[in-house]
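Colleague: Protein chains in written order, with the working numbering: chain A, 41 to 125; chain B, 41 to 125; chain C, 4 to 153; chain D, 4 to 153.
Note that these hints are calculated values from the structure, not bench results.
Check the hints yourself; a few may be wrong.
Across the chosen pairs, the derived CB separations fall in these ranges [to be verified]:
#: 1; chain 1: A; residue 1: Asn56; chain 2: C; residue 2: Gln149; range: 53 to 61 Å
#: 2; chain 1: A; residue 1: Ala54; chain 2: C; residue 2: Gln9; range: 54 to 62 Å
#: 3; chain 1: C; residue 1: Gly16; chain 2: A; residue 2: Asn76; range: 49 to 57 Å
#: 4; chain 1: A; residue 1: Ser70; chain 2: C; residue 2: Met4; range: 50 to 58 Å
#: 5; chain 1: B; residue 1: Ser70; chain 2: D; residue 2: Arg74; range: 42 to 50 Å
#: 6; chain 1: D; residue 1: Gly87; chain 2: A; residue 2: Asn100; range: 19 to 27 Å
#: 7; chain 1: D; residue 1: Ser146; chain 2: A; residue 2: Ser59; range: 26 to 34 Å
#: 8; chain 1: B; residue 1: Ala86; chain 2: C; residue 2: Asp132; range: 31 to 39 Å
A virtual CB, placed ideally from N, CA and C, is assigned to each residue, including glycine.
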Amino acid sequence: MQIKVLYFARIKEAVNYSSEEIDLPADISSVTSLKNWLALRGDTWANLFSGKQVVRAAINHELVDDMAVIHANDEVAFFPPVTGG
Amino acid sequence: MQIKVLYFARIKEAVNYSSEEIDLPADISSVTSLKNWLALRGDTWANLFSGKQVVRAAINHELVDDMAVIHANDEVAFFPPVTGG
Amino acid sequence: MSVRVQTADFDVGAELIQLRAHNPNVGAVASFIGLVRDLNDANKVSTLTLEHYPAMTEKSLLAIAQQAKARWDIIDTLIIHRVGTLQPLDQIVLVAVTSAHRQAAFQACEFIMDYLKTQAPFWKKELTDAGERWVEAKATDDSAQQRWQP
Amino acid sequence: MSVRVQTADFDVGAELIQLRAHNPNVGAVASFIGLVRDLNDANKVSTLTLEHYPAMTEKSLLAIAQQAKARWDIIDTLIIHRVGTLQPLDQIVLVAVTSAHRQAAFQACEFIMDYLKTQAPFWKKELTDAGERWVEAKATDDSAQQRWQP
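Generate the whole structure from the sequences, applying the supplied hints.
Modeller: Here it is as structure tokens:
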């Protein structure tokens, strides 16, 4: 299925772009499985998404935990713990 | 000994004046004994100072409890619980 | 630490700017404004008159600010309290605290308000549709103050 | 409930007057201002740049304000958060809450700040004398937020 993925802050800088359209393999349907799948893209991605760093996720502009299910056309965002205020 | 006594808010209105100089009998040396002594002045005073109402006290501009000792030339103030803010 | 008791109104925006002026250590300003409401105990309030004990009031407020300063890592405090006759919508009190981090500013600001409500010599008299009356002290204010005690 | 995310500065005095304007039920205004400090983790800070997630930010702040409204007896809330590049002494955030009585306003204001710090999609990058760096999230902010959970 087709989804949009956004990256913010230090993650955006590390992967060097802010958004992409991804056509997900059929077996990738949760935040966890998407993270694991992204981690296979190479060292930078493995470093970010294999669990060594805390990476928060939102689906369609709501914070979610890693168990959350991804649906077609969702906007998934990855970012470090927030530091506003 | 000579002291100054001030009254505020509903107590001032009840006794109908705001301050007086008092020459205390020798055996009156605490807030409690001063209250008991004032309560002997008549119905209005008894009503205020015999313990039916909460009457707070300050000596020389500091809140004190009824055990506090009064010294010559002290400024003693009596008032209801405060309601500022 | 600044304490003012006055009949005049105050400009909250200007006071807060003044309190933190030119101090780049200030990361947090917590503040509280108390206002005259038009309703108390189901009666319409038309005026609120604040009496105080002039020789004691500022001293008492300063002692409260000093306790807050001793207890939390704060930079500065401001307390302004009005006296005299006020109307609904009027400002009564401003308490503001500056600090590096927000927890200290919030806690000290609440502490000052809780102590001011129970220790500072002010008394409110309301003129309502049921006549003139002294405002009664609230048990909830006593318990709010007592929670800070060790 | 009003939420604004903007690059422009804001006038705290005017905002607070606006928030309580003409409402004689408001007896209490609790507010918090967050400011850029010139020192963080022992490094001199020259600029602070705030990035955010535009499609999510206001929605997230509104959800936090709604939770506060559901939990306390408050009248209105205002959240203004700046984005872009700021300098020491600059205002970052204003949170203000109006209510009849002070406890609800204080609690809701602290709650909103604690949730904003841990839930709203803002990220700070500092330019310091040691170079550019992303500000790290603090464990103390997580525990501040967790204390509100049932």
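Colleague: Between the beta carbons of alanine 86 of chain B and aspartate 132 of chain C, is the distance compatible with 31 to 39 Å?
Modeller: At roughly 33 Å between Cβ atoms, aspartate 132 of chain C and alanine 86 of chain B fall inside 31 to 39 Å, so the hint holds.
Colleague: A range of 54 to 62 Å was offered for this pair. Does it hold for the Cβ distance of alanine 54 of chain A and glutamine 9 of chain C?
Modeller: Between alanine 54 of chain A and glutamine 9 of chain C, where Cβ atoms are some 56 Å apart, the hint holds.
Colleague: That 26 to 34 Å hint for serine 146 of chain D and serine 59 of chain A (C-beta), does it hold up?
Modeller: Holds - the Cβ-Cβ distance for serine 146 of chain D and serine 59 of chain A, about 33 Å, lies within 26 to 34 Å.
Colleague: So does asparagine 56 of chain A sit 53 to 61 Å from glutamine 149 of chain C, Cβ to Cβ?
Modeller: holds (57 Å)
Colleague: The hint says 42 to 50 Å between serine 70 of chain B and arginine 74 of chain D; measuring C-beta to C-beta, is that right?
Modeller: holds (48 Å)
Colleague: Using the C-beta atoms of glycine 16 of chain C and asparagine 76 of chain A, is the stated range 49 to 57 Å upheld?
Modeller: holds (52 Å)
Colleague: Please test the hint of 19 to 27 Å on the beta carbon pair from glycine 87 of chain D and asparagine 100 of chain A.
Modeller: 26 Å Cβ-Cβ, so the 19 to 27 Å window holds.
Colleague: Verify the CB-CB distance for serine 70 of chain A and methionine 4 of chain C against the hinted window 50 to 58 Å.
Modeller: Taking Cβ atoms as reference, serine 70 of chain A and methionine 4 of chain C lie about 55 Å apart, which means the hint holds.
Against the hints set out earlier in the document, no violation occurs for any number.
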